[in-house]
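Enquirer: The lines below spell out each chain.
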Amino acid sequence: MKNNRRTFIKLAAVAAAGLAVAPKAAVASSGGHSPAKVNAKAEHAKQWAMVVDTTKLHSAEEINKLAEICHKTHNVPHIEGKKEVKWLWHDTYAHTFPEQENPHLAEEVHHRDYMLLCNHCENPSCVRVCPTKATFKRADGIVAMDYHRCIGCRYCMAACPYGSRSFNWGEPRHGLDLSKLNPEFPTRMRGVVEKCNFCVERLAEGKDPACVEASEGALAFGDLYDPESPVRKVLRERFTIRRKPSVGTEPCVYYII
Amino acid sequence: MRMHYGFPIMAGLVIFIGLLCAPFALGTAVTKEYKQPEVKLPAGEKECVESTQFMRENHMQLLNEWRDYALRDGKRTYVNHQGKEFTISLQRTCMKCHNSKADFCDKCHNDAGVTPYCWDCHIQPEGLK
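Sequence order for the protein chains is A and B. All residue numbers for the first sequence refer to the numbering used here, where the first residue is 1 and numbers rise by one. All residue numbers for the second sequence refer to the numbering used here, where the first residue is 1 and numbers rise by one.
These are calculated hints, taken from the structure and not from any lab test. We put the beta carbon where it would ideally sit given N, CA and C, even for glycine. Mixed in with the good hints, there may be bad ones.
[Claimed, not checked] Pair ranges (Cβ atoms, derived):
| # | chain 1 | residue 1 | chain 2 | residue 2 | range |
| --- | --- | --- | --- | --- | --- |
| 1 | A | E228 | B | D111 | 53 to 61 Å |
| 2 | A | R238 | B | Q61 | 46 to 54 Å |
| 3 | B | P42 | A | R242 | 45 to 53 Å |
| 4 | B | D106 | A | K207 | 28 to 36 Å |
| 5 | A | E228 | B | N80 | 32 to 40 Å |
| 6 | B | T115 | A | A106 | 38 to 46 Å |
| 7 | B | P42 | A | H95 | 35 to 43 Å |
| 8 | B | E57 | A | S59 | 55 to 63 Å |
| 9 | A | K207 | B | T93 | 36 to 44 Å |
| 10 | A | K207 | B | P42 | 26 to 34 Å |
| 11 | B | L26 | A | G81 | 35 to 43 Å |
[Claimed, not checked] Facing chain A, a subset of chain B residues (Cβ under 7 Å, in silico):
| # | residue |
| --- | --- |
| 12 | Y5 |
| 13 | I9 |
| 14 | I15 |
| 15 | L62 |
| 16 | Y69 |
| 17 | G74 |
| 18 | K84 |
| 19 | R92 |
| 20 | K96 |
| 21 | H98 |
| 22 | D120 |
| 23 | C121 |
| 24 | H122 |
| 25 | L128 |
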């Protein structure tokens, strides 16, 4: 066969095409995919969000009832005083909305108690400062914690403008009734930070968070980026405010006042 | 040539070497053959998530991957080599069959001298005391 420039270029083109295809074919045939997948029943969202209707849910007793359910579900220890660990709690108007203080506020609004929890911000400052990536933002917008990786430096607690994180100063199991544990969920250990996780373990099974389920309609939960979700429906119809909007973390817990 | 303090030195050496070899000559600590611990296997179930050999050799890697799948990737269903599906959870899957930490996990871990910190947070099926 005569070797001229034309045949050489043809051969080179075929070889180049082969090289381009080969690596992909090798990867496809080796079965290099993850053996884990998302639960079939799991709920999906782009950004989970919650609306708290403070016209319905505003007494300390009612909020404490929800907190008890939350804390029982997640084996959150009960510790009195400064070393307290909390996932869901309540506080006054002045502490909840310090930027929206107003000396002539409706008395009734001023005297309500406000349910507080992790805001699962769209732009979470805690995630930015965590040196070990123990706290991170999931694809569905939940700000989650990997307690295996937390070194207890508490940068996230300093960064969180809402005080949503608690540090386990002592052995958290000492603050638990060991006969009434939820055996489906772990406890935490000494020296890690913990917080509300929007019930990721329940969402993975297609259930609403425990507090939403127990709230009798005072809490709405859903995808912030789905116009048909219960959260968006409420946000469309009612006037809502968020905590400390000026710090720019874009909290995803909204309050109907 | 004469050795100073020859007798005490020799006697000391003999005693020292004797003590050094004593475990081999007398004791059973060194010569006894290692016996594998007898773990208590689940009564109802025959097959684990993967084969026995795989689990024996790789359960630590598997559990390590599981925790990242579930917690960080949000993937809570595991598909094994046979294509069977399992919920990724130490407490709700593993410990449902292996319903005794003392009779299963601890047996080997004690022999191997390892103390994994799983149980600092996870609740063993026996409950906490």
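Enquirer: Look at each hint and say if it fits the structure.
Expert: The hints, checked one at a time:
{"no.": "1", "hint": "A/E228 <-> B/D111: 53 to 61 Å", "in the structure": "holds (58 Å)"}
{"no.": "2", "hint": "A/R238 <-> B/Q61: 46 to 54 Å", "in the structure": "holds (50 Å)"}
{"no.": "3", "hint": "B/P42 <-> A/R242: 45 to 53 Å", "in the structure": "holds (50 Å)"}
{"no.": "4", "hint": "B/D106 <-> A/K207: 28 to 36 Å", "in the structure": "holds (34 Å)"}
{"no.": "5", "hint": "A/E228 <-> B/N80: 32 to 40 Å", "in the structure": "holds (37 Å)"}
{"no.": "6", "hint": "B/T115 <-> A/A106: 38 to 46 Å", "in the structure": "violated (59 Å)"}
{"no.": "7", "hint": "B/P42 <-> A/H95: 35 to 43 Å", "in the structure": "violated (52 Å)"}
{"no.": "8", "hint": "B/E57 <-> A/S59: 55 to 63 Å", "in the structure": "holds (57 Å)"}
{"no.": "9", "hint": "A/K207 <-> B/T93: 36 to 44 Å", "in the structure": "violated (18 Å)"}
{"no.": "10", "hint": "A/K207 <-> B/P42: 26 to 34 Å", "in the structure": "holds (28 Å)"}
{"no.": "11", "hint": "B/L26 <-> A/G81: 35 to 43 Å", "in the structure": "violated (59 Å)"}
{"no.": "12", "hint": "Y5", "in the structure": "violated (58 Å)"}
{"no.": "13", "hint": "I9", "in the structure": "violated (55 Å)"}
{"no.": "14", "hint": "I15", "in the structure": "violated (49 Å)"}
{"no.": "15", "hint": "L62", "in the structure": "violated (10 Å)"}
{"no.": "16", "hint": "Y69", "in the structure": "holds (4 Å)"}
{"no.": "17", "hint": "G74", "in the structure": "holds (6 Å)"}
{"no.": "18", "hint": "K84", "in the structure": "violated (11 Å)"}
{"no.": "19", "hint": "R92", "in the structure": "holds (6 Å)"}
{"no.": "20", "hint": "K96", "in the structure": "violated (10 Å)"}
{"no.": "21", "hint": "H98", "in the structure": "violated (14 Å)"}
{"no.": "22", "hint": "D120", "in the structure": "holds (4 Å)"}
{"no.": "23", "hint": "C121", "in the structure": "holds (4 Å)"}
{"no.": "24", "hint": "H122", "in the structure": "holds (5 Å)"}
{"no.": "25", "hint": "L128", "in the structure": "holds (5 Å)"}
Consistency with the previously given hints fails for numbers 6, 7, 9, 11, 12, 13, 14, 15, 18, 20 and 21, ordered from lowest to highest.
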